[in-house]
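Trainee: Quick one: dock chain against chain with the hints and give me the complex.
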Amino acid sequence: MSGAADREAVFPTRQSLGIMKAKLKGAETGHNLLKRKSEALTKRFREITHRIDEAKRKMGRVMQIASLSLAEVTYAVGGNIGYQIQESAKSARFRIRAKQENVSGVLLPAFEAYQTEGNNDFAMTGLGKGGQQVQRCRETYARAVEALVELASLQTAFVILDEVIKVVNRRVNAIEHVIIPRTENTIKYINSELDELDREEFYRLKKVANKKQRDTAAADVEAKKRKELLEKENETPDADHATGPTDLLAAEDDQDVIF
Amino acid sequence: MEGLLFNVNNGYIEGIVRGYRNGLLTGTNYTNMTQCETIDDLKLQLGPAYGDFLSTLPPNPSTSSLASKTTDKLVSEFRYVRANAVGSLAKFMDYVTYGYMIDNVALLITGTLHERDTRELLDRCHPLGWFETMPVLCVATNIEELYNSVLIETPLAPYFKGSLSHQDLDELNIEIVRNTLYKNYLEDFYEFVNSHPDMAGTPTAEVMSELLEFEADRRAINITLNSFGTELSKADRKKLYPSFGLLYPEGTLMLSRADDFEGVRLAVEGVSDYKSFFEAAGLGGGPGGPGNMAGGSGSESRSLEDMFYQKEMEIAKSAFTRQFTFAIVYAWVKLREQEIRNITWIAECIAQNQKERIGNYISVF
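Residue numbers (UniProt numbering), protein chains in the order written: chain A, 1 to 259; chain B, 1 to 365.
Pulled out of the complex, with its shape left as it was, chain B reads as follows (with noise of 0.2 Å):
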């Protein structure tokens, strides 16, 4: 049924984010990106997706300028179906950059709080989590003023409101401000593809209750894991868990009850996926932990970190398999920035002549 009228209002959409998606780095653009020798290579390499973007860089450009230049190009192409979009899918695209708008603001007030002049801080802001009324925000000077304008300038008023209050703000450590937001920013999200009258029930909710599930359970084991160590009590912890996931109510519960490795490992256990991921990450990383991307152990090994990027681009790519949904722009966006950060990583690994770790990236196509 939600085929007859999906491509009136959101066809052209649909179409051009599939063509994007055609347009992703596949498996031999990174075997051949791997064989470069210094970085002008590798930018001749990227000439058929990136060309028009890298072509303004100087010769051996340092990683973070190509960074910054393959980011400029995920964001023109968002801001172009952004534009495009209508009704519910403007909405659900606006949703997608609240994430990058809590990154941005719990920047600022980490500057506001330190007293720096924010104003230079907006450079550093993501683009995509640009928003208007951006720079009013640096016109505040005390973290009460500022408080005031999220509230009345920003979309993510809802989030702050009922969980943190200006004094949070003050006392609070800024990660913990920044996951309160990003629990709320799930929550919300999961809560508006489900509800939503033009999603509820359509591919639109099936996907991204499962994109969202898997970033909620994600987030949540996270947190848990690198935690450890720190003076984050644990019921401070139980509070940043989102309220959905598979891991919902009863891992994590158990993930606030976690004291080790082990814990977080038998909390995670009814889940099939995660289990067999944290058993190959318990075999690789020893008892040291979960090592994230190994830590110079070798490549063979996969940590845990890399295995949740693996999961979220399968699912990613595997939403591309449904049809009439808003999902797709979702995973086009996540895929976009895994393979950011690949270029990033491999150019990294050219940059500084460790080969025997560039193969690292997470390639699905």
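The following block holds chain A by itself, in its conformation from the complex (with noise of 0.2 Å):
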């Protein structure tokens, strides 16, 4: 056999036959379904690196606007505010919220920006000159903080989806290229030693009713060589029928042998 060596060790046996159908059926409708969750996999994960792409072009745009408007800041208030403002933020005004979002089975994490209405701790920073400039510089690193999270979210999803589909994947080639010939073989195996089994058998009964046919050939040559002697001894009994003394075997002649 050429796959002897790629192929479970169980005895060929009907049972096991049937054991390693059902395994092949088994493995062929798992390998569909994965095969299935993979694309499905795929498919979301090239939306997600799309996704991506734009999510970091839009981030390089709004960063740069972003730190524009902290030059307007610095221009307008003519010093280094970041100190002050460090220290009178008291509690997050933009706040993030994590779900979970289901794609063929696996769980990606999204997170979800939102902003705490009424929390405007430095409000009066820059009161006396460049408190606009501030606040607008604020709002634009809102956005591009919202920008941010809406890149880490795709990120982390981009990440899971990557391992995910590589096991997936695995688990496909696995069950495409091993466990299917692997079955297969199996039964081939198990039927080729059934057929070996099926043909010894055959040439068993063969050979037993061979000899047997010979046993009945001998036994019939005997039986007719007897029937022969027989009838001769007969014969001379019926030449002189008066005889008593053969009155005895004359009633034997009534029966026939039967072989």
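Hints are supplied without guarantee of correctness; some may be wrong.
[Stated by the list, open to error] In silico DSS-like pairs for lysine-lysine, Cα to Cα no more than 25 Å straight-line:
| id | chain 1 | residue 1 | chain 2 | residue 2 |
| --- | --- | --- | --- | --- |
| 1 | B | 334 | B | 69 |
| 2 | B | 275 | B | 91 |
| 3 | A | 37 | A | 25 |
| 4 | A | 227 | A | 211 |
| 5 | A | 129 | B | 317 |
| 6 | A | 58 | B | 355 |
| 7 | A | 129 | A | 90 |
| 8 | A | 58 | A | 43 |
| 9 | B | 238 | A | 129 |
| 10 | A | 43 | A | 56 |
| 11 | B | 161 | B | 91 |
| 12 | B | 275 | A | 129 |
| 13 | A | 35 | A | 23 |
| 14 | A | 129 | B | 239 |
| 15 | A | 224 | A | 212 |
| 16 | B | 161 | B | 73 |
| 17 | B | 275 | B | 234 |
| 18 | A | 227 | A | 212 |
| 19 | A | 99 | A | 37 |
| 20 | A | 129 | B | 69 |
| 21 | A | 58 | A | 99 |
| 22 | B | 275 | B | 239 |
| 23 | A | 212 | A | 225 |
| 24 | A | 129 | B | 334 |
| 25 | B | 311 | A | 129 |
| 26 | A | 56 | B | 355 |
| 27 | A | 129 | B | 234 |
[Unchecked claim] Here are the computed distance ranges between Cβ atoms for each label pair:
| id | chain 1 | residue 1 | chain 2 | residue 2 | range |
| --- | --- | --- | --- | --- | --- |
| 28 | B | 356 | A | 47 | 56 to 62 Å |
| 29 | B | 276 | A | 56 | 41 to 47 Å |
| 30 | B | 119 | A | 56 | 37 to 43 Å |
It is worth saying that the hints were derived from the structure and are not from the lab.
In this text, a Cβ means the ideal position worked out from N, Cα and C, and glycines have one as well.
Mentor: This is the structure:
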């Protein structure tokens, strides 16, 4: 057998043949399902890649505007206000909510940004001069962070999907190239073993039949001989039928000898 | 009459400051700077004016280090002038530094309020507002100690006294504290130039009054505009307006009642300069209010703040047409600050490759 090494260690019996056939069927169904899952994931993956590309470009633009607005603040306030801003910020205005999205059985985290209303910690910064630039800069950066959050959620999904697609593809390949051939091999092996057994059995039966025939033939010949002999013996007493001592044998003559 | 004896004490200073004024960048310099492709080119263009200060910078320096080096030059020149000043000019120059001192003290108060190590804040303080005993303020760990140290150690005590107690530092927003101090400072400065025997009735009083009045009006208008939409009440807002200036008292009263941009515009109607500013900004800024720096919409429409800066620079420039006055020192510092802002802005535009807004600097020479 060619694939002798690549088969499962089973006894070639009809029962295990049945098991193997069921296994093959299961493997094929599983293969189909996984393949479809992998395709769905890949489709999603491509879509996400596309959106990441867009989001990155958008981020570039938004960040550029944002950093220019920071430059405006520096210009208008005429100094570094970073420290004041850091210190006057007490609670986060820009928050993130995490939720899950289900794509063919894969849970993808999605981040949703929202701004808490009425939380304006440094509304008074730059009251004397540059206050409006500070506020506008804050708005621009809020938009920039929004873009970042979107990008982050996409990137996370990207990484997770990548991982999952790899796993699924590995499974598909394993089923396609290892499990199915191996099961098929096993089935073939069991079949061939069973055939072999069949042939052996047939041969044995033939032998037995032959032997029996021979035996019968020999017995026939024997019987014939004996019959002929008997007939010869019978013919002699028949000639002198009246003789008494022959009566006993004559009675026996009524029965046929059956072999 | 003032010309007779002015040069005895102050002639040298005046000469020096006029020399410095000639060192300010001109329109041609700015045009050259806007043509630069990299920060290094810009550095080269700044070579004649700032060479010795910029030489220590690494290639392609950040805009903030550029700004700090150019500030260094201003500070060292200011210190030189201050060291040579005597009598009332010295006092006058001290007054100029008080404004920066207020910023520094506000910074330290912020740090103390949030229980930060205020020592590291000393580096962030504006060097012009540095006073010898400032590190002492860092010893204070709570706001009451800090309040007492400020009263004892700094010349700002009169600005605190009477209007702010140490509880106020805890409760009030730091910006209100800062603006209260600044209001007191401006009023005191105004009082000083108009009542000191060496200055009252001289060109100094005349020019400085104009400068300070403009500053007061600008702050009043800015505070009003910036307070829309915040929790600053009208009564509190009113307390932050300096009690002099072209708008005082009718204009400031109307400002204190203003609810929106339109209200501010009505309040300043009486002063033709401001009126024209508001008309220009109202047209350019649209209904969203007076967009300062014209939020990305291009360089041709100038924002209110831009026009204020422009006006301030023009007043400062015209201060140099007068002789025998201390005001040129103040004007020179202001011009120099604007120059630093311009350089930072241009450097920022070059660094970020945003050439379309690079013309937003203000040049008066």
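Trainee: Among the hints numbered above, which are violated by the structure, and what are their numbers in rising order?
Mentor: 2, 16 and 28
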